[in-house]
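Participant: Residue numbers (this note's numbering), protein chains in the order written: chain X, 458 to 1290; chain L, 12 to 299.
No lab work stands behind these hints, which were simulated from the structure alone. Incorrect hints may have been included.
[What the hints assert, rightly or not] Some chain X residues flagged as far from chain L (calculated, every beta-carbon gap over 10 Å):
id : residue
1  : Arg619
2  : Leu715
3  : Asp775
[Said to hold, decoys possible] Cβ-Cβ distance ranges computed for the label pairs, FRET-style:
id : chain 1 : residue 1 : chain 2 : residue 2 : range
4  : X       : Ser721    : L       : Arg199    : 47 to 57 Å
5  : X       : Val671    : L       : Thr128    : 14 to 24 Å
6  : X       : Met824    : L       : Arg199    : 51 to 61 Å
In this text, all values refer to a predicted model and were calculated from it rather than measured experimentally. Here a beta-carbon is modelled for each residue, glycine too, at the ideal position from N, C-alpha and C.
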Amino acid sequence: MFFTKRPPPDAKETVIAVVGASRAPEPLPVGELRHTVDPATLGFTSTAELEPISGLIGQDRALKAIQFGATIKSHDFNIFVQGPAASGKSTAVKQYLEKKAKDAPTPVDWVYVNNFETANRPIALKLPPGRGRPLARAMVAAIDELRNTLPAVFEGEDYQARRRSIDEEFRSGQEDALAGFNKRAQDQNIAVLRTPTGFAMAPTHEGKIVKPEVFNTLPEAMRTDVEKRIEILQKELEQILERLPKSDKQRRAKLSDLNAEVASIAVREALDDVAAAFADEPGVLAFLTVAGSDLVRNVGLFLAPTGDESEIVKQPADTARDPRFRRYMVNVMVSNGEPAPAGAPIVEELNPTFGNLIGRVEHLANMGALVTDFLLIKSGALHRANGGYLLIDARKVLLSPFAWEALKRTIKGREIRMEQPSEMAGMMSTQTLDPEPIPLDVKVILFGDRELYYMLASADPDFSRLFKVQADFDDSIARSAENDIAFSRLVASIVTQHHLRPVDAGGVARLIDEAARLADDREKLSIEIGRIADIVREADYWAGAARHDHVTRDDVAQAIAENIQRSDRMRDRAQEMIQREIMLIDTAGVKVGQINGLSVLQLGAFAFGRPTRITARVRMGAGRVTDIEREVNLGGPLHSKGVMILWGYLAGLFAQDVPLAMAATLVVEQSYGGVDGDSASSTELYALLSALAEVPIRQSIAVTGSVNQWGEVQAIGGANEKIEGFFDVCRVRGLDGRQGVMIPKANVQHLMLREDVVDAVKQGKFAIWPVGHIDEGIELLTGVEAGVRGADGKFPAGTINGLVEEKLRAFAESVRAFGAKAVGAVPNGRDLT
Amino acid sequence: MIAHVAAVGEQRGRVVLHLGSGYPNQIALAAAIRVAKAFESEVESLFIEDQNLYACADYPFAVEISLCGRTRRALSVAHIEREFRHAASAIGRQLDHLARIAEVPLRRTVVRDDPFTALARACAERGPWNMIALGDTVGNSASDDIRRLFDTVLDTTGVILTGPRAQRNSGPLVVVLEDIAHLEPMLRTAERLAPEGGDTPIILLLVADSDDKLAWMDGQVRLVLGANQTPQLARAVVESGGEAVLAEVIRRLQGGLVIAEFGGVLVPASGDMRYLTSSLECPLLLMR
Chain X
458 MFFTKRPPPD AKETVIAVVG ASRAPEPLPV GELRHTVDPA TLGFTSTAEL EPISGLIGQD
518 RALKAIQFGA TIKSHDFNIF VQGPAASGKS TAVKQYLEKK AKDAPTPVDW VYVNNFETAN
578 RPIALKLPPG RGRPLARAMV AAIDELRNTL PAVFEGEDYQ ARRRSIDEEF RSGQEDALAG
638 FNKRAQDQNI AVLRTPTGFA MAPTHEGKIV KPEVFNTLPE AMRTDVEKRI EILQKELEQI
698 LERLPKSDKQ RRAKLSDLNA EVASIAVREA LDDVAAAFAD EPGVLAFLTV AGSDLVRNVG
758 LFLAPTGDES EIVKQPADTA RDPRFRRYMV NVMVSNGEPA PAGAPIVEEL NPTFGNLIGR
818 VEHLANMGAL VTDFLLIKSG ALHRANGGYL LIDARKVLLS PFAWEALKRT IKGREIRMEQ
878 PSEMAGMMST QTLDPEPIPL DVKVILFGDR ELYYMLASAD PDFSRLFKVQ ADFDDSIARS
938 AENDIAFSRL VASIVTQHHL RPVDAGGVAR LIDEAARLAD DREKLSIEIG RIADIVREAD
998 YWAGAARHDH VTRDDVAQAI AENIQRSDRM RDRAQEMIQR EIMLIDTAGV KVGQINGLSV
1058 LQLGAFAFGR PTRITARVRM GAGRVTDIER EVNLGGPLHS KGVMILWGYL AGLFAQDVPL
1118 AMAATLVVEQ SYGGVDGDSA SSTELYALLS ALAEVPIRQS IAVTGSVNQW GEVQAIGGAN
1178 EKIEGFFDVC RVRGLDGRQG VMIPKANVQH LMLREDVVDA VKQGKFAIWP VGHIDEGIEL
1238 LTGVEAGVRG ADGKFPAGTI NGLVEEKLRA FAESVRAFGA KAVGAVPNGR DLT
Chain L
12 MIAHVAAVGE QRGRVVLHLG SGYPNQIALA AAIRVAKAFE SEVESLFIED QNLYACADYP
72 FAVEISLCGR TRRALSVAHI EREFRHAASA IGRQLDHLAR IAEVPLRRTV VRDDPFTALA
132 RACAERGPWN MIALGDTVGN SASDDIRRLF DTVLDTTGVI LTGPRAQRNS GPLVVVLEDI
192 AHLEPMLRTA ERLAPEGGDT PIILLLVADS DDKLAWMDGQ VRLVLGANQT PQLARAVVES
252 GGEAVLAEVI RRLQGGLVIA EFGGVLVPAS GDMRYLTSSL ECPLLLMR
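Isolated chain X, as found in the complex (with noise of 0.2 Å):
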């Protein structure tokens, strides 16, 4: 079977001129496309001349918001600071919370401290600002003195004869009371002799043993007395040397006595120094009281020997570092008044993870066991911010396991709690502590794109509950004289921050012109500042290149070619392919049933236009319209939803007494990856149009804007980026002053179109036709009349709209003559009438 392709009508484009009262739309004139600044409206050469900027242009709300929720005193105030990434508004609630900081009181020091009595439970201490360190330094000096002190104390003459009275009361009592029971033995001829384990005794006869032998002549009654007076001498001997133990305790009593009565001098001497600088400090004296009993009861550290004598080469221990004394330093969490008290922080933390936000536990490897003291809490961004500001990105902080649920667990609680990650996972840990909350009042402001925000208010019920202040920072102002120089005066502030050479007017102007591009409005000025900046930047290199003393119009000109160079490799391959043939576009002729639609692609920060043929083709059915797209999952909602509505248009447009007994497929060609929003669907409905009318469409005209069920035509976006991707294509194959771009007339006011396009269309090479409906575009597209219903209910004939009446009617027809039997209705199609 062989298909002859079917002609169009006419394969040679023709201007027609419409029959009858055009409603086809003019060309913009040159001044709508395109909203440019005269640097001489500036009223200034330099930006040298103007006052930087602090903060941010046009955010009065944003602004607000902010100071209403620094203010407000709750904890459950806290601030969203939503808007675009780049826009400054990290700098801006910076710069505003500087000023409001500086005047607040400096918050409280907090320190941790040694608990005595529970090791894993240390204590928390809160001083005035700027103590906490001194404290730390002072124990420190404290413990320094006593290792020199007590062992001098301990070596001392006056301690070492008390000692020795002690030992030797004890020893002599001891041999005292073993010589007065041997001379008492010795009276009643008992001999008391050492074994090597013990004492024995025996019977003795002039100072000398008397033999078994001679021993067992003796009467028996002498033999019985000896033998009870040796039993009653062994039980004394056995009441003696039980009492030794006892006494050698009441000698190690009076030592300890001894050595806590010696030790607690100089320990209260060291300490006294510590207790006057802090006498106003309760918990201060409280801790200096316990570790001084401590002291006095561990005194042996400081008397043992600290290593190997025989060093050559001794260095002074580092008593902070020295393990003995661990337990008596202070671990200084938050120190705010040194040197100066400098009112509340501000606290920016980068890298929000849980340890960084509420602090960690750290341990140290010992003898393959890990291990921890107080000194190993390390404080987070909570306690460096607590009395002052928490500056976060939203995003980082989602991300990061366990550090949300903390965040809002401690904002909720007031008070920070340290509690190890794998705790609350409920896994294994090895020994660690339970450091004592600390009190929190701080102003967590979390950043964050408007989706984000809108997600955690959606999911997390906790989010609205504790960030209820949202600050919405806008990515665009509107476009005045007035904000046009503080545009000016925040490049100047740019310019100052980076050191960069001063911007000409000339210069400015052309930044106003880039951030209107930006804002896709030439009513708008876009303030994403951090791409202003890198503009700024990029244009004071070629400035330099160019030897020139300011940055200048041609340098910030410069400086936009050559970043979208760099980023444009995937749009010249697109035209490539179009100029190769590859892609079909046609930039010139007529065809039925087919229309150049655009698209706008997006590469990270680069968008770029470029058309797509799109074409319709209709049969008779049973009211049905496949869009391939969504039939092959390429087509998104949106896209859909604009297909439907193309399809409520013509039923409601010719289906009032008609059954719209049509089927139609509708395809975005050569399209291989997704298709989505509605941009498109007036460039179908063109096609659609069209291809039941049988008129063909002017191919040197690309098409944008989306329809509604009443066929006014909607404004779409990236207008520019579309009008210069047909622009593109057309160029390279020759302007011939038939092309140009359909866009919606809502859309006008957006357009800030590149140099070359507004000089193309000046020279009447190139032309932008807005729309309101979309009667007034087939009429421009076809050159035919789009017909009104007149009073008979009928389309006149030959118009556009008549045209598809009567085809429609023919279908209709056909349809009930097959016994309204549905011909050729596609698979899954979907009947919309």
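Guided by the hints, dock chain L onto chain X, whose structure is given.
Facilitator: Showing chain L alone in chain X's frame:
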């Protein structure tokens, strides 16, 4: 009065280390080795099993009361023999180790006898230049035993004893001079024990009961010493009954070995030694 120990080659004496219990004083053992090394002598460790104990064991009612006083068991010859054997063996190992380090010849002997008799016999074997070192710690009432030792054992030039507070063997060599007539032999002994060029200073402590006598002694000493400035001089005036003061003076000198005469103020021929034993932190070499 000559404090001398025969050298190895002389075959006429040595350091006789008396051991009797299972718990010798470690400082005393080291002191015996030190003296032997200084005199290039040998050490004979004489472990004496008190024969009176064996006699005692023959009594049917004989029991041994433990050192802590809490247990009592029947005393038997076999038990005593075993305990003595174990004690001698343990001490012997310690001595072997010390002697090997000091490179001092060691001879170990175990005898079953009366202690004084055994010592006298051992010294007589190679008399007369023996030095007796007491391995056990001496107590407050040791004077009588020391006197008896000097009376019984004629072939000894001195006795080394160690008190309960002994804690060092290093430090200055302190010579306690109470009688100027003893200066020369005591000094010679000290010089032998602290060889020239070594790092052990000699402190000569002059003891007299009056300032005048002390001044006189000082002059005499200087005459004897002449240009020899080796010993440092220290002085103490000790009136009658001032042994406690003298003991404290000696303690403060922080000596490593004290040389003194028996029967003087420091170690009277009889009576209580508690002041000395409570202060003496190093071994004491008593010269006859």
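Participant: Next step is simple, just say for each hint if it's right about the structure.
Facilitator: Results of checking the hints against the structure:
no.	hint	in the structure
1	Arg619	holds (13 Å)
2	Leu715	holds (16 Å)
3	Asp775	holds (31 Å)
4	X:Ser721 to L:Arg199: 47 to 57 Å	holds (51 Å)
5	X:Val671 to L:Thr128: 14 to 24 Å	holds (20 Å)
6	X:Met824 to L:Arg199: 51 to 61 Å	holds (56 Å)
The structure meets every hint from the earlier list without exception.
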